[in-house]
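With the hints as extra help, turn the sequences into a complete structure.
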Amino acid sequence: MRKNKMLTVFAVFVFGFLILPLIIITITAFGKGSAITFPIESFSVKWFVKVFTIKSFRISFLTSLEIAMLATVIALLVGIPAAYALARSGLKGKGLIKSVFLSPTIVPGIVIGFVLYQFLVLSLRVPVFIGLLAGHFMVTLPYVIRVVGSSLEQFDFSTEEAAWSLGCGKIRAFFKVVLPNITSGISAAFMLAFINSFNNIPVSMFLSGPGVSTFPANLMNYIEYNYDPTVSAVSVLLMAVTVLMMVIVDKTLGIAALAK
Amino acid sequence: MAYMTLKDIDVRYDKKKQVLKGLDLEVKEGELVSLLGPSGCGKTTTLRVVAGFIEPESGVFSLDGEDLTKVPVHKRNFGIVFQSYALFPHLSVYDNVAFGLKMRKLDKGQIEQKVKNILEICGLSEFEKRFPQQMSGGQRQRVALARALVIEPKLLLLDEPLSNLDAKLRINMRMEIKRIQKKLGITTLFVTHDQEECFSISDKVAVMNQGVIEQFDTPENIYQRPKTEFVARFIGFENFLSLKKEGNVYKTEAGAVFTVETVKDGDFVAGTIRPEDIRIAGEKEDHNVLSGTVGVRTFLGKSYQYEVLTAEGKFLVSRPAEEVYEEGSTIRLYLPESKLILVNK
Amino acid sequence: MKKRSAFVMIIPGLVILAVCLFLPLLRVLIPSLHTGEYPLSAYVTFFQDEYYRKIFVRTVKVACLTTGFCMVLGVPTAYFISRCSKKWRGILLSVSIFPMMTNSVIRSFAWINILGSNGLINRLLITAGIVEKPLKLLYTDFAIIIGSVYLFLPLMIVTVAGVMENIGDDMMEAALSLGADRIRAFMKVIFPMSLPGIIVGGILVFTGTLTAYTTPQLLGGNKNMVLSTFIYQRAMTVGDWDGAAVISLIMIVVTLAVIKGFNSLAARLDKRGGDHA
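Each protein sequence line maps, in turn, to chains B, E and S.
Per this note's numbering, the first sequence starts with residue 1, numbered consecutively.
Per this note's numbering, the second sequence starts with residue 1, numbered consecutively.
Per this note's numbering, the third sequence starts with residue 1, numbered consecutively.
Note that these hints are calculated values from the structure, not bench results.
Backbone N, C-alpha and C fix where the C-beta goes; we use that ideal spot for every residue, glycine too.
Do not rely on the hints blindly, as some may be mistaken.
[To be verified] Each computed BS3-like pair below joins lysine-lysine, with the alpha-carbon atoms no more than 25 Å apart:
| no. | chain 1 | residue 1 | chain 2 | residue 2 |
| --- | --- | --- | --- | --- |
| 1 | S | Lys260 | B | Lys94 |
| 2 | B | Lys5 | S | Lys86 |
| 3 | B | Lys5 | E | Lys15 |
| 4 | B | Lys98 | S | Lys2 |
| 5 | S | Lys3 | B | Lys94 |
| 6 | S | Lys3 | B | Lys92 |
| 7 | B | Lys98 | S | Lys3 |
| 8 | S | Lys86 | E | Lys17 |
| 9 | B | Lys5 | E | Lys16 |
| 10 | B | Lys251 | S | Lys87 |
| 11 | S | Lys86 | E | Lys15 |
| 12 | S | Lys260 | B | Lys260 |
| 13 | S | Lys2 | B | Lys92 |
| 14 | S | Lys87 | E | Lys15 |
| 15 | B | Lys251 | S | Lys86 |
| 16 | B | Lys260 | S | Lys86 |
| 17 | E | Lys70 | B | Lys5 |
| 18 | S | Lys86 | E | Lys16 |
| 19 | S | Lys260 | B | Lys92 |
| 20 | B | Lys260 | S | Lys87 |
| 21 | S | Lys260 | B | Lys98 |
| 22 | B | Lys176 | S | Lys3 |
| 23 | S | Lys2 | B | Lys170 |
| 24 | E | Lys16 | S | Lys87 |
| 25 | E | Lys17 | S | Lys87 |
| 26 | S | Lys2 | B | Lys94 |
| 27 | E | Lys75 | B | Lys5 |
| 28 | B | Lys170 | S | Lys3 |
| 29 | B | Lys176 | S | Lys2 |
[To be verified] Derived Cβ-Cβ restraints for the label pairs, each shown as a range:
| no. | chain 1 | residue 1 | chain 2 | residue 2 | range |
| --- | --- | --- | --- | --- | --- |
| 30 | B | Ile19 | S | Lys223 | 29 to 35 Å |
| 31 | B | Gly95 | E | Leu169 | 36 to 42 Å |
| 32 | E | Arg130 | S | Lys86 | 31 to 37 Å |
| 33 | S | Gly90 | E | Asp24 | 38 to 44 Å |
| 34 | E | Leu169 | B | Phe157 | 32 to 38 Å |
| 35 | E | Asp64 | B | Gly95 | 56 to 62 Å |
| 36 | S | Lys61 | B | Cys168 | 54 to 60 Å |
If you want it as structure tokens, here you go:
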């Protein structure tokens, strides 16, 4: 097919718009001056060093990892059986149950944080950490239901029946036949849920307390009171991790796994 | 007088692989011409050059004396039926067929009249409100044909239009296409890899191989007088022997002498013959004879088919069921000069 | 599968959702319907207050414009991606996904660097002698919109490209062969065929922008609040918990209305496609 020049120019413009701001951040991270300048006047990596000296970054980074990991694992433990039951059983009102499982997506994150803080933390005196975990569970669960659900839709359940007929019990058949065939869906769900939980801010806004604060919230806080290349350096580090992760995903699941 | 002409067309993909090599083709007005060949021979590429989806690297495509090589697709006014039909799923049958007329900004009354008329011709009148996904393969095929024809195209291009239909429907549809094509008198290019389909429908056939047309002729001539070994093999010849011209006769490497009715240019050629045309040599035949050993015998109802191993390779021979030869026995095959066809190697 | 075992698999999720989402929502938001002199009076008061109304209108305006810009920029780009070779499709898809995987704080921070009074644009303008004093670009509605477009454009591109990938080249070719030029072929065939994906993308972008917190907070500042930043401000700074509950419910209702609206729009457009012109 003959290529359309106008469309190509348009697409180049759009991709430039998407990428240039991140390139600018990357360059400013290597500036020497204490104000962010572009283009930079002299080269330095001191802001990268500074990132690791900020204690609140270190602590909140670990908190975020912990929360994202726990929320994702719980969502997988709860979500995979639910997705399986929704795909496999003839339950009445399957559509309704599925939309209940996906309903956290239509409640704004800030509202989830707000009601959890009021109800769990203030009324029921649940520790803030648990409240934060509950909030992030709401972020992760829909990804598990959607992505694992769609890979179960493509699964040929007659192979499970074949396993039964060969003398494999139902629970064993699930672990031996079903699970191995939806691992790519589970991995994709894991990545998406984890990343979105780690990056989430609105849910965490209310759910913070002494010693409990997520990394992006901390970063946002830092930006509001400081304007130096430290944030650029943090951004570069995070982007490097993102690139690494995307390369791994691309080699294993294919990059389209993250487009769900 | 040629209506459509392709002259010295070169097409390369990704600047490397050459798909069409100096292809020439001339089609007369009102003719149905098939492009026949195995996959990868360039037949679809040729059709896409004509359609305007591919701009050739060099060469000229002209229609009715007008050079159209650089005219964009939407200004060519050709009707195309795609292999997948490419019906618009969001439009009803009526709107699919009306699409081209709307692009030409005809008024509503005219559009309606033309659409109803073509739907009638294609036997689709009762389906105009349906959507493509609500129709069977054969019906979709007709819609695709109606949509291509309603714009009164200067050329109709069909890209393996029958390949998605089952065998019975395919035979009905090809007669249908021929009927409509003759009725409207529209010049047509038809791409296919199915020789039976192609022979039954075409006025002329272009057999293609590796980006060139090997033979362009009537179906009858191609069937009876293939010009090259490739064409012969493609239309079903399986028995071949290498021959070298020596004076008025041809000889195999082993020295067996063959005479033929038709002469062929070139010293080195191949002889070919259909299994049912081979006879068993009598005492008096001293040329056009090959001896061999009977191999596998297959019963085909009216006849037996034998694999006979000769010095020139394996020959398939078909003999009436009454005549039986045992496996392992030696026989002499007679290849009558009127049936032995010489082709270029 | 037996009903009982299906229940056993579904129940844990439902219980957590009930305790950690539905119950808190009901307990916190329902009372807001009854505060004040008459039912819903808190909501009436909200919309009577000019300042509150302004925030509401700003939020909806930002979401509408962002969705519009994302469609205008995203749909042709998605089409471009879907027509590329497999290799390029992978590359361009990665380039679109990468920002999605990058934290929204970073993506908003990028625009602080560009729009700030000492930022890229102002420095360019001053160096070029076009303006003398830096323009106020940051902490404006404009900044929120451009930041939101930047935030959600990849989502639109990826969603729509996913649908367009399944539309064969033959659709475009058929339209061209019938006399449509490229732009009309796109508008009459490719666009209506990808409408389901565009609608899904529209819903994601609209509700995403409507409920986004980071971008309006960082690029809008305290003077250009939107509903989500306003909730936080009411609750944490002013201590008006009832007010925050009112805003929460308004946000949920608007989100649901928008989803419903988009879906019925999709249904209407689909039917129109089937009409005889």
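For each hint, the structure was consulted:
no., hint, in the structure
1, Lys260/S / Lys94/B, "holds (20 Å)"
2, Lys5/B / Lys86/S, "holds (19 Å)"
3, Lys5/B / Lys15/E, "holds (19 Å)"
4, Lys98/B / Lys2/S, "holds (18 Å)"
5, Lys3/S / Lys94/B, "holds (12 Å)"
6, Lys3/S / Lys92/B, "holds (10 Å)"
7, Lys98/B / Lys3/S, "holds (16 Å)"
8, Lys86/S / Lys17/E, "holds (19 Å)"
9, Lys5/B / Lys16/E, "holds (23 Å)"
10, Lys251/B / Lys87/S, "holds (14 Å)"
11, Lys86/S / Lys15/E, "holds (18 Å)"
12, Lys260/S / Lys260/B, "holds (22 Å)"
13, Lys2/S / Lys92/B, "holds (12 Å)"
14, Lys87/S / Lys15/E, "holds (18 Å)"
15, Lys251/B / Lys86/S, "holds (15 Å)"
16, Lys260/B / Lys86/S, "holds (18 Å)"
17, Lys70/E / Lys5/B, "holds (17 Å)"
18, Lys86/S / Lys16/E, "holds (18 Å)"
19, Lys260/S / Lys92/B, "holds (24 Å)"
20, Lys260/B / Lys87/S, "holds (19 Å)"
21, Lys260/S / Lys98/B, "holds (17 Å)"
22, Lys176/B / Lys3/S, "holds (22 Å)"
23, Lys2/S / Lys170/B, "holds (11 Å)"
24, Lys16/E / Lys87/S, "holds (18 Å)"
25, Lys17/E / Lys87/S, "holds (19 Å)"
26, Lys2/S / Lys94/B, "holds (14 Å)"
27, Lys75/E / Lys5/B, "holds (19 Å)"
28, Lys170/B / Lys3/S, "holds (14 Å)"
29, Lys176/B / Lys2/S, "holds (20 Å)"
30, Ile19/B / Lys223/S: 29 to 35 Å, "holds (31 Å)"
31, Gly95/B / Leu169/E: 36 to 42 Å, "holds (38 Å)"
32, Arg130/E / Lys86/S: 31 to 37 Å, "holds (35 Å)"
33, Gly90/S / Asp24/E: 38 to 44 Å, "holds (40 Å)"
34, Leu169/E / Phe157/B: 32 to 38 Å, "holds (33 Å)"
35, Asp64/E / Gly95/B: 56 to 62 Å, "holds (59 Å)"
36, Lys61/S / Cys168/B: 54 to 60 Å, "holds (59 Å)"
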